[in-house]
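Based on the provided sequences and hints, a complete structural model is requested.
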Amino acid sequence: MIEVKNLKTKYSYGDEFSVASALFENGRISGVIGKNGSGKSTLLKTLAGQRKYEGRILINQKECSEYSSMERAREVAFLPQSVKNLNMDVRTLVEHGRYPYHGNFRRMGEEDEKKVNRALELTHMKSFEKRDLYELSGGERQLAYLSMIIAQDSSMILMDEPTTYMDRIHQDEFFSILRILVKEGKGIVMVCHDIEQCFAYCDKIFLMEDRKLEYAGTPDVFTQNEQIIRRNFGIAMKKSEDEESVYPFVMKK
Amino acid sequence: MKKIIKWYILPLGILILSLVAALFAGSKSISVKDIIKVLSGGGSAFQKVIIFQVRIPRIIATASTGAALSVSGYLIQNNLNNTLASPGILGINNGAGLFVLLFACLFPYHYAGKCFAAFIGALLVTTAICILASVTGMSKTSIVLSGVAFSALCLSVIDIIISLKPETVADRVAFQIGGFNALNINSVKFAVPFIIIILIASLIMAPSLDILMLGDDVAGGLGLNIKFYRAAHILFAALLSGAAVSMCGIIGFMGLIVPNVVRLFYRGNSRGGIFLCMVIGASFLTLCDLLGRSLVYPYELPCGLFLSLIGAPFLVWMLIKKRKRLGMA
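Taken in order, these protein sequences are the chains called A and B. Letter 237 of the first sequence, counting from 1, is numbered 237 in our numbering, and no numbers are missing. Letter 315 of the second sequence, counting from 1, is numbered 315 in our numbering, and no numbers are missing.
Hints are computed from structural coordinates only; laboratory data are not their basis. Glycine included, every Cβ here is placed at the ideal spot set by N, Cα and C. Any given hint could turn out to be false.
[Claimed, not checked] Away from chain B, derived, C-beta distances all over 10 Å, residues of chain A:
| # | residue |
| --- | --- |
| 1 | 1 |
| 2 | 5 |
| 3 | 16 |
| 4 | 25 |
| 5 | 26 |
| 6 | 61 |
| 7 | 92 |
| 8 | 93 |
| 9 | 173 |
| 10 | 174 |
| 11 | 178 |
| 12 | 197 |
| 13 | 209 |
| 14 | 224 |
| 15 | 236 |
| 16 | 240 |
[As the list claims (entries may be wrong)] Under the rule of at most 20 Å between Cα atoms (straight-line distance), these lysine to any residue pairs were calculated in the SDA-like manner:
| # | chain 1 | residue 1 | chain 2 | residue 2 |
| --- | --- | --- | --- | --- |
| 17 | A | 84 | B | 141 |
| 18 | A | 130 | B | 141 |
| 19 | A | 130 | B | 271 |
| 20 | A | 84 | B | 264 |
| 21 | A | 84 | B | 267 |
| 22 | B | 227 | A | 71 |
| 23 | A | 84 | B | 204 |
| 24 | B | 227 | A | 65 |
| 25 | B | 227 | A | 50 |
| 26 | A | 52 | A | 63 |
| 27 | A | 8 | A | 21 |
| 28 | A | 52 | B | 139 |
| 29 | B | 227 | A | 64 |
| 30 | A | 52 | B | 227 |
| 31 | A | 130 | B | 139 |
| 32 | B | 227 | A | 21 |
Right, dumping it as structure tokens:
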């Protein structure tokens, strides 16, 4: 669980980013939406302890800045928007997810191997484990990095537009993996690009506006106050009446 | 098991073979039998001097210089995700060169001191780069740019000194070709233990290098203290090349070629990569030095020349043969 109160952080060019209060719970998928440049990525990076901040970020009841970086990585995993294409096989990458536990000095133990295998099986990447990252497609590479984050076994997982390079089938698979993780009690916070998808899969939606977190609520709340979404995206959302539609909420003019 | 033979036993075998070859070959030919006799405590006084005060120190120096420069290049390249980076790019060589020159101006007859000066120069330039880079944000680009800036600064001061005091030039030229013909035993005693300690330290810290390669955002998410480890690896690289430069002058190509060759056939983690750089770098430089002192006997060619002469075509050949992406550029 991550609890945010009066959070402020400054950009190098002087603008301020702020969140009055927010709660990202375990057992839920929290979706962060907003226009380009509204501060979605900054929010994630700050929650992951990658930026200096004022105010409070409580990760499982303890202040974020009081964690050592390794301790924090055991509580919060972070997958940034762009990931590297390296000369490295998939299994080695996933094993790096165990770094917060063994650091520089300990070898991979039985427990570590178990977590790595489980992560690879969950993402269906087991058959790819010997393949090099640069031999994979963009979507597969994203799944490889997701496996690393799963192997990290933290209670919260933060992801910045993780489905960008995935086709529809991979995206559906991706969200079903997230559902399994959430059922196990992990909390997921992800920046979403596709609003229909976000409304379909996220339990709670957070809307960023002008580098402030302004609104939070279930998808239903946002369909009832449609001007909030309209103001930011030029469309509104409504419950789908068509039984054959893919998503439960659809865009309307 | 196959892995152990391929990545550990085979490279170590090559290293041992080249060390033995370097021990048996030299301008004064001593028979294999005599050498074994000397090593087991017998032999004439003359043979003892040749073996213990000329050949063995030289083999130790070439092997540790080769290992140090290769690992230095590997650390820098992986750290900056740039396969073209090397101690030369970061201005470490020029820093060492500048201090040697300054020292030669002030104390022209003090040989051992010059080695020490090279060492200090490498360290100072690196410290300056790290301070500048941390002020500007410690990103990969700012490290490279600070390095280029300091490199240019050192070079211009070198040129000023040469213009004002041309008599120091001869020294500088000898120093910058890089070779072991004027090896000073005091600098070996000073540099080699140092190199060994840093090599062990970088082997221990290798996992953090793997994590750094994933990029700053991912590395931060995995709990790595990015600034600390980046600074530590760069410092190790500087100390290694400073120590190497203090023994043999500037052998620039080593730090570029060996890591790239290793990367072409080895895809495992950094600890293995550092180990292979160490072993292959040590054997390669020892063999180059052996060629340099036996091929045009009684003259001697600096091993730096052979290194480029063999190394450059070899690297090109491997690049063509593999033809696949280097993975990080």
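Cross-check of the supplied hints:
1. 1: holds, 18 Å
2. 5: Its Cβ never comes within 10 Å of chain B, the nearest being 23 Å, so this holds.
3. 16: holds, 20 Å
4. 25: Holds, since 20 Å exceeds 10 Å.
5. 26: holds, 18 Å
6. 61: Residue 61/A is indeed farther than 10 Å from all Cβ atoms of chain B, at 19 Å.
7. 92: violated, 6 Å
8. 93: violated, 8 Å
9. 173: holds, 22 Å
10. 174: Fine: 18 Å to the nearest Cβ keeps residue 174/A off the interface.
11. 178: holds, 17 Å
12. 197: Answer for residue 197/A: holds, closest chain B Cβ roughly 23 Å.
13. 209: Residue 209/A is indeed farther than 10 Å from all Cβ atoms of chain B, at 24 Å.
14. 224: With a cut-off of 10 Å, residue 224/A remains clear of chain B, as the shortest Cβ separation is near 36 Å.
15. 236: Given a closest Cβ separation of 34 Å, the condition holds.
16. 240: holds, 36 Å
17. 84/A x 141/B: holds, 16 Å
18. 130/A x 141/B: Status violated; Cα separation ~32 Å.
19. 130/A x 271/B: holds, 19 Å
20. 84/A x 264/B: holds, 19 Å
21. 84/A x 267/B: Roughly 16 Å separates the two Cα atoms, so the pair holds.
22. 227/B x 71/A: It holds: about 17 Å lies between the C-alpha atoms, which stays within 20 Å.
23. 84/A x 204/B: Given that 20 Å is the threshold and the Cα spacing comes to 25 Å, the pair is violated.
24. 227/B x 65/A: Measuring from Cα to Cα gives roughly 16 Å; hence the hint holds.
25. 227/B x 50/A: holds, 12 Å
26. 52/A x 63/A: This hinted pair holds, its Cα atoms lying about 13 Å apart.
27. 8/A x 21/A: holds, 11 Å
28. 52/A x 139/B: Distance ~17 Å between residue 52/A and residue 139/B Cα, so the pair holds.
29. 227/B x 64/A: Holds - the C-alpha atoms of residue 64/A and residue 227/B are around 19 Å apart, at most 20 Å.
30. 52/A x 227/B: holds, 14 Å
31. 130/A x 139/B: Not OK: residue 130/A and residue 139/B at ~31 Å, beyond 20 Å, violated.
32. 227/B x 21/A: violated, 31 Å
The structure shown violates the earlier hints numbered 7, 8, 18, 23, 31 and 32.
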